Amino acid sequence: MSESVSKVYGLIAEFETPAATMRAAEQLRDLGFQRWDVFSPYPVHGMDQAMGLKNSKVGWFSFIGGATGYTLGMVMIWWMNAADYPIVVGGKPFFSPFSAFPPSYELTILLGAFGALFGMLFLNRLPRLHHPLLKHRRFALASHDRFFIVIETADPKYQPEATRKLLESLGSTRVEPVEE
Amino acid sequence: MSAHAPSPPLPPPLDLSRWRSLPNRLIGIGAVGVLLGLVLNPLQFGYSWLTVFMFFLSLGLGALFLVMVHHLFDAGWSVPIRRFCEHLANLVFPWLLIFFLPIALLAPKLYGWMQVADPHADHALHAKLPLFTRPGFYLVAVLCFAIWTWLARRLRAASLAQDQDGAARHTLRMRRLSAGGIFLFALTLTLAAILWMKGLMYEWFSTMYGVYYFAGSVWMTLGTVYFITMVLKRTGTLAPVLHEHQFYFIGSLMFAFTVFYAYIHFSQYFIIWNANLPEETFWYVLREKGTWWYVGLVLIFGHFFLPFLAMLRIDLKLSFAWMTPLCAWTWVMHYVDMAFNVHPVLHPNGYPFHWAWLDLACAALMGGLLLRAFLKEFAAHPPYPVKDPRLSEAMGYVVVHPSPISGGDLDEVDELNGAVEPNGGTR
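Taken in sequence, the protein lines are chains A and B. Just so you know, the numbering used here puts 167 at position 167 of the first sequence, and the rest follows in order with no gaps. Just so you know, the numbering used here puts 1299 at position 299 of the second sequence, and the rest follows in order with no gaps.
Simulated from the structure, these hints should not be mistaken for laboratory data. Be aware that one or more of the hints could be misleading.
Taking lysine-lysine and the BS3-like style, the derived pairs with C-alpha atoms no more than 30 Å apart in a straight line are [what the hints assert, rightly or not]:
hint, chain 1, residue 1, chain 2, residue 2
1, B, LYS1289, A, LYS92
2, A, LYS165, A, LYS54
3, A, LYS92, B, LYS1198
4, A, LYS157, A, LYS7
5, A, LYS54, B, LYS1233
6, B, LYS1128, B, LYS1289
7, B, LYS1376, B, LYS1387
8, B, LYS1128, B, LYS1233
These figures come from a predicted structure and were not determined experimentally.
Put together the whole structure using the sequences plus the hints.
Next comes the structure, spelled out in structure tokens:
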């Protein structure tokens, strides 16, 4: 496949130390890049701040899941025990929020966990079968001893030459294009 | 460029000098109110005093618990806040013991079981012998205060000794003390909650009552601890050793205890509701009459739902403007909880609004005296354990030392170290 035909996914910049990666990430954050990411063999403390990452939105999915679970549990028990087929049990009211609470609470946890799991997958755009980075030969080192910053061509600030020069000036030892 | 975001210029330290007369004013106002209450209605005074005593006992025991848990978990983050918790725990002696004296004197009037002529004829009381006898009552009180005082004093003494030499053996000693102490703490707190508060209706029984009091106590203590930490950060006293994560962790614990309290109280209610035995339900039936019904709802929504939703977000746990009212709210709700436990004995038809001033007066007197004692202790000692080996960890610094996990090597650790060096880029 010739270079002119293939689309470029982005630029991959290799770094040798977490410190250099972190400083580069801070610069990119301050320059206002949007579609870029950092890959490291282990979690680097402070990288979230250096990248300007906000708190994950997964919490909202679990919250909505939990609230749905609680409501669903309460409504289900009310419908079954008080509306659709009322049976007197132990002289208790047909429906009481107290007896309905434990199952509703468990549904809260179940749907809250579903919200967290599927919300995470949704936000991560997972599962996917392939990613352009996986074709890149040196990218495997991200699980060994190298650090990478990838800027996508889809980033509004991306300019082929200027971005490459920028990454080099930030201390990258090797900047290469990644094919789509 | 540094690895951390540039910190904004520090605001000027908080000036608390205009609050200096607060403790004395509280004591003055409180003493007048308490004397008035004592003259007008000694029995009402007894219950009001008991309500407020149990409220402030929560603070002392909650702080003792936090100190012991710090040692038991070998925690690093809570080192800066441990010293004032030690002072709070030491309020148990002599102040809380002094506050217990009116209850000890009025006990025969306050506790119905002391008026039962023949304990053996009353099965509910007979089953609780010999705990529910006068010697039992007073012996347990002495035992509880002795154990709390001993634990609080010993833990603070070791902590202060470490301020001198910084030796790790003090940490180990405090840990050993806490390991045994936590059992004694659980037993004595349960005994105290049962005899002093649950004993108001001796016919009732709930095995969760001790945990219930404990959960509310620690919750309210965490609200107080958050507030004190925030004030000490603003005044600059603890600012050099605090990190953002202290507030996050105290907030998380507060959130956890919000849920824990609700879980315990719900379980207590639910089990009684479900079993539907008259000898158990009467306690809650009484508390569903008159305005007590609404007090119960205030507990459900105010003690649980409101703080639960307010602290659900991570970032809000770090916002002082958001958390300060919430810290004050823990005091209001814990008071409501104590009143819900104590006041229905004398006022079965609803919360005694016309006697609320007496509760407030007791709170002002006890609060003022405790505040003064606390400030005196706090001023007399270093504001945080200055030579605790884990202090740097609390401050967010990485301490490089070969550990059994790294096999005696410093590998990878120095790589991370490069991340915070201002001009180290390549190895």
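Comparing the hints with the structure gives:
no., hint, verdict
1, LYS1289/B / LYS92/A, "holds (19 Å)"
2, LYS165/A / LYS54/A, "holds (28 Å)"
3, LYS92/A / LYS1198/B, "holds (27 Å)"
4, LYS157/A / LYS7/A, "holds (18 Å)"
5, LYS54/A / LYS1233/B, "holds (25 Å)"
6, LYS1128/B / LYS1289/B, "holds (28 Å)"
7, LYS1376/B / LYS1387/B, "holds (22 Å)"
8, LYS1128/B / LYS1233/B, "violated (49 Å)"
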